[in-house]
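Novice: Below are the chains, spelled out letter by letter.
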Amino acid sequence: MDVMGIAIKVALLTAYAVIGTCVGLLFMGIGRKIIARVHNRVGPPFYQNFIDVAKLLSKKTNISHGWIFDLALLFSISGILLTLLFLPIGGVQLLSMEGDAFLVLYLLAIPALGFALGAGASGNPNAGVGVMRALVMMLSYELPFIITLIALMIYYDTTSLATIVRMQSINGVKSWAITMPPFMLAAFAADMALQGMLMEQPFDIPVAPHEIASGPMVEFGGKYLGSLMLYKAIALVAETTLFVDLFLGGGVVAHGNFAFVINFIVWLALIFLLFILSILIAASFPRFRIEQAFGFYWKYEAIIAAISLIWVYILVIK
Amino acid sequence: MLDIIFAELIIAAIITFFVGKKIASIIAGFISILPLFALIDWANNFGFKTISFGIERQMNISVAGITLHLGITPLSWFFALMILPLFPLIMLYSYSFFKENDGFYPFMLFAFASTFGILLSKDMLSLFLFWEIMSWSSFLLVYRSRDKEAIISYLIFSVFSAFAILFGLMILWHENFSLLLSDIGRINGIYGFIAIASLIIGFSVKSVLMPLHAWAPFVYSKSDEPFVAFLSGGLSKLGYYGMFLFLFTLNGVKILQNYTPNVAWNYLLAVVGSLSAFVATMLAIMQDDLRKLLAYSSIGQLGYIAIGFGIGTPLAITGALFQAFNHAFFKAVLFLAAGAVAYRTGKWKISELGGLAYRMPLTFLAALFAIFALAAIPITSGFAAKWLLYEAAIQQKYVFIAPLMLIAGVGAFLYSFRILYGVFLGENRYPDVKEAPKSMIAAMFILMLPLIIFVVFPGYMLDLMKPALSNSGIESIAHTKFAIETSLAKYNSMAVLITLIAAMVPAFIIYKARKHRITSFEDNYLAGEPYEFHNPSMHAAHNFYKPLKGVVLPYFEPGATYYFEKIYKGIGILSNGIRRIYTGFVQDYAIYVVIFLLAVMGWLIWM
Amino acid sequence: MGLYIGDKMMKYEEWSKLAIKVSKASLWMLHFCTGCGAIEMPPVMTSRYDMERFGIAPMATPRQADVLLITGYLTVKTLRRVIQVYEQMQSPKYVIAFGSCTINGGMYWDSYNTIKHLEKYIPVDVYITGCMPRPEGIINAFIKLMELIDEGKARGWEKYQKYYDKYKENQRRVFNFEIEGENEEY
Amino acid sequence: MKEYELFIGPQHPGITGNMMYHLWVDGDTVTKAECNVGCLHRGFERLMESRLWMQNIPLVCRICVPEPDVNEAAYSMAVEQLMDWEIPERAKYIRTIVLELARIAAYLMAIGSYAGSIGIYTIPQWSLGDRDYILDIFEQLTGARIYHIYIWPGGVRWDMPAGLPKLIEKTLSYIEKRLELYDDVLFENRIFFDRAIGVGKIPCDKAIEWGVSGPNLRACGYGYDVRKLEPYAAYDEIDFDIVSYPDLGKFDTHEAGDVYTRMLIRRLEIEQSIAIIRQALKKMPEGEHILKHPNWLRWKVPAGYAFARVESSKGEFGYFVVSDGELKPVRVHVRGPSYTHGINVAERLLKGANIADVSQILFSLDICPPDIER
Amino acid sequence: MKSIELIGKGKEMHGRAYIEVMPDELENAIKKLKENGFNHFVMLSCIDWLEEEKFELVYHLWSYEVKEHVMLSVRMNRNNASMPSMSHLFPQIETYEREIHEMYGIEFDGNNRLTPFLLENWHHAPPMRKDFDSEKFVGKLYESIPFIEEDENEGI
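Residue numbers (my numbering), protein chains in the order written: chain A, 1 to 318; chain B, 319 to 925; chain C, 926 to 1111; chain D, 1112 to 1485; chain E, 1486 to 1641.
Here chain A stands alone, though its shape is the one from the complex:
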């Protein structure tokens, strides 16, 4: 690759990192507004989350519990940006040819582990319990998610997200995975797993304020909390994008010279719909206890996912 090519690539990646952050924060703000409407309220302005992050990052005092605590900040933002850039976004491949879905799955663990380290380093039992719950929650939702992922992988005979997106975008909407009956089941299971990934009700017990005073974040403030909010914003985009890439063809509907604009808009609309669906579910359910959530995922969701996997397997070996 020549110098110019590298420069363009770097610029593109930077642009998408910025877009991902802004879109995440914007969505969170709009989400707050929509939830407020559900609550019969006016709600904050849609740009409220930008203000919140800016305020947190400009706090004068920032209290740390030592260098391991700081790892949380460093790993969370970098890890989630890394994950975002390994996903195809709206048909733009970014770095997704250099890795695959397994890599993305493991990259998502870097910020989580970073935050877990920071939370653990604060020494607060609330944080310890919160991280424990978050990890158990991760174990819970990963099983249905992994099974659906494997169903997709053996169907398309690839593990690369870019290839999955490409194969789903051959005929536009008609070739999206979700149009096939087995993948409808899989998409349902994966959407529930997404609810757990986004830590919304009924799966928000890791950060339940009434029980463990917001769990892992209990000692985070100032720039540390600000970085957590940025992480949440980018994670929101990354996780919904992962779902869109897997089931909704990455939002790719058009091919051609300026198709990327249309694809970008479709991608944005799709992840927005997913996010709205998630927060509306959150607004109408209480939270599960952690072992109930585990049972939910490993009993019901995993069975749904397994049915879709077996279905796909039969289709494939035929």
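Each hint can be trusted.
As a list, the in silico BS3-like pairs of lysine-lysine whose alpha-carbon atoms are at most 27 Å apart:
no., chain 1, residue 1, chain 2, residue 2
1, E, K1519, D, K1312
2, D, K1394, D, K1281
3, E, K1621, C, K1091
4, C, K1093, E, K1625
5, C, K1084, A, K60
Derived from the structure by calculation, the hints contain no laboratory data. Small disclaimer: the values here were computed from a predicted structure and weren't measured.
Position chains B, C, D and E against the provided structure of chain A, taking the given hints into account.
Specialist: Below, chains B, C, D and E without anything else, positioned relative to chain A:
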């Protein structure tokens, strides 16, 4: 010169019986470096340019009319590369670990010599002979724990393993009347099938494959840490060395398939491996004893290697060997770090430790990095190995194995964090603890080096195993220095690392933009309560995964330990019977076993 | 106590204009009901009055919060917790005090267990008078606080740093108060 | 050390006011709980001894903040007992209406904060917003939202304005409509069943001995209600049911004394209160609203011991008033329902509970710390 | 009234039974009432009769069956006041005794949880005693603490 190395090892072993701890460890350390020179020398034979010391490749020893054929093969060279470097570092570590010389060094050197011997064996007799010496010397090292459960379980399983191997070897020998390993490819039919199956079962005891793992939690949790690091990092690989040798290099897979063409025996191995990985991971999550946790973690991680061998495609075998290499190092580091923690605090229970990260930062760093490798975080080489295995499973559409492997991978996060939080983070319970001694730190950090090198250059790893694979007729997979490419996808470690470093920049800007101050542990959120009013204990490490325990454990624990308890009880009744006639001491059983084995060997030779 | 380590003094002007603008538009208050004024907090936060309109949200722990609401009278026991929480908060931090009882004790002027003047122990930026203050009053106080932040007058946290020793002395006096020879009385 | 210590309160979202629970937790199971109160102790009983009989009215309503009217009523009733006063009929009805409105407001708050504790934040937003409409009625009737100082010894302070019954009726039918919405979102929610059934069970045979009262006692299967046992105000002339386990109306019956039953009892009692208010509005006679009162500054109450009890939304409120015939009371002692619920009952219920359930158990007991500490 | 019949003494006062018992009769009286349906312990109050140099403890019991409220009154000397604890009869008495111990300084033998309850770090006279002057205390403590004036000249 090879004979000199062997002789020196034996002599050193005898000398260390009589000298003090310091001298013994220095002798043992330097002597155990010698075989590494041989490894470097032999690398020239496999397409690498290194220094030559003029060490011969082959050596035949004739004893009482029997010739032992020794020599290096590409496969044994690769396995030696992952097992032998552990020794000098373990010796370095044990320099400060032991208070006095009480029999660790001689047995360890014997174990080392016999490990070296096993890897060099080219005929069945020497393989079995060295295998027995290895089992015997490691048994004596286990015996040092003075723990009845550990000793008896190790004894039972070692004897079982030895008999299974002996049985397999005898059938092979009976079938083609040649002791040379290279001759066994000729046999077929039921005998070949039984021989290979029995050998695999025999080796899978050492490689702690479920359900033959039951000894490991006892032995790992009671023996000396340096030895356990070798046991988990090194000896378990010998089992897989044997498996690889008989399955792939000596065409065991074909022998199995010729006899029963319709049954995929290798799939069975993969299923056993994946169940082993999954169940052991779930059990590891529940452990409170640090060593037991690591023991179950070893069982789980070694299960991946069995999966790779079971799937049997080039991709899978490459992944398995990569995983074996990684595991040797990161598990050794973890056991050594656990030993360092126990050396300073005297505690093994995770719930009794806590807050050591700021007291023992270097130990923490070593453990953290090893844990990253264990959990296959993409900034360590652990990821590449697991990635290859996942790809292999998807490539073959093994829809039962793949989810189990992946969920076991997620489970690894859970117990990794258990170690990190329970031991190193959280409430600082040991304010007066000092950093581990320098020799321990040095050993751990040197062991970390390969993990760092092979994350940046995973391609080098594939180059290293290329001779071993091509010698067994397995093609090597496409790769460059940084990237591995399969038919399904591509993994570029450099892209990940560079992007991570680049993504660190905004994080670092945010980090540096505002100053922070470090506060004390006491200044913590206690719902508004002042700390000094209650001086609360704040380490939430006991029963950490209790919610999971209630849901998961009922399904796993009985299956995992129930049958072993049956065996244990049966042996207890049996030994009670024997006790009436004999002395009833464990040493005696050991001696009987050794005498019996020698008698069998004598019979073999006589035949 | 003694956990608070004074920050290096920082002039208000060093704080950029933007930081002031954003910090007044996103005031996160601490979830701490110190007294009966807290009964009016739920209405203010929920659908009738909806304080989130102004970017005000309740937070679970002091590290995350900017505004400490003293919702009513403080007993000595609560004061100790309030100070603990106040010192754990990260500056810039503001205090809004509710009701007459934080100003001069109100109807508890002769109670042996309530401190009378909150200002003697921690600096207060905005007072709300009345018992109980109405939700509109609370919202008004927040808007007043925003104005003060904008004008650079909400400097309670700087005052606390500057007169740290004096505040500590007052707090020590109220916590460790002893009357000579009184123990023998009973 | 197997256990770690966790503090719920005073500065914690999962606590029902300014109090604290010190928990010893193993894994996620509470092995020991210790209640630590006193953050709200203002020494009311001491202050009341140094104030005139009438001056105490503004003080007593501060004893229970979410539902202050029961305090005024109980204090007034105790004083009336000492004075041997029979209050006018109209005052009785107005008192009934005020007390029941306050009960609905308190129940709405209890349901809202309970729903918050299990993570469904829509319900608190709705129910606390609806509660405000009741506070509007209070504002029209008494001039204040929270502390009304309306029920006086001898009657009520002012007569009810002419248009108020219409407003009350409007508000009640609005709340009735809203209750169905709450049912859909909370009380018939599958996850609510999963979370609440069988959690935090008060052993029914111990309930009376432990001093449990109010809705919590009725959830254990005892249909005891002070409004029926010792009718005060106009309750003896009004026809209403006492909701108690196992008769939960349209809802399924599960275990006695658990969080689920306790919350449903509260939910169903709102309907009863609405019915009571409607009847009282219909039956309310014309006439005086307060007895001719003496000069408050020189008012002496005859010597004696009096005890008055009322049924609050939290349980049995009792006022023990001792007079020696002087200008000021000798002793006013308040029996708050949370005194037993918050300390004795909660400490026992929390032992063995999951930390995820701690806050929902506390909220379902409806503990109000000011009446513990006074 | 049933309770008066049960104990054999006492009088009616504003619809409540008021029974004075001696300290040594108290336990049996409560037991007897508890066995006969007075199973709801309402509360335990204390009254400080300063002129008479007496403390009066009033045990309130209630029967759901006969709908009757009984006050069992016990008097004791004000100096070194102490009483046997009744917390084994009704568990919540423990809490009332803790409060009365703190507020009046009465010792309850057999109650081993007489730890600080409402007050913290309190080493003055028990505040509910009539001879404790709350107003004077306030003057001595809270009013004596100075305001912290900002120094106008320095600025911040």
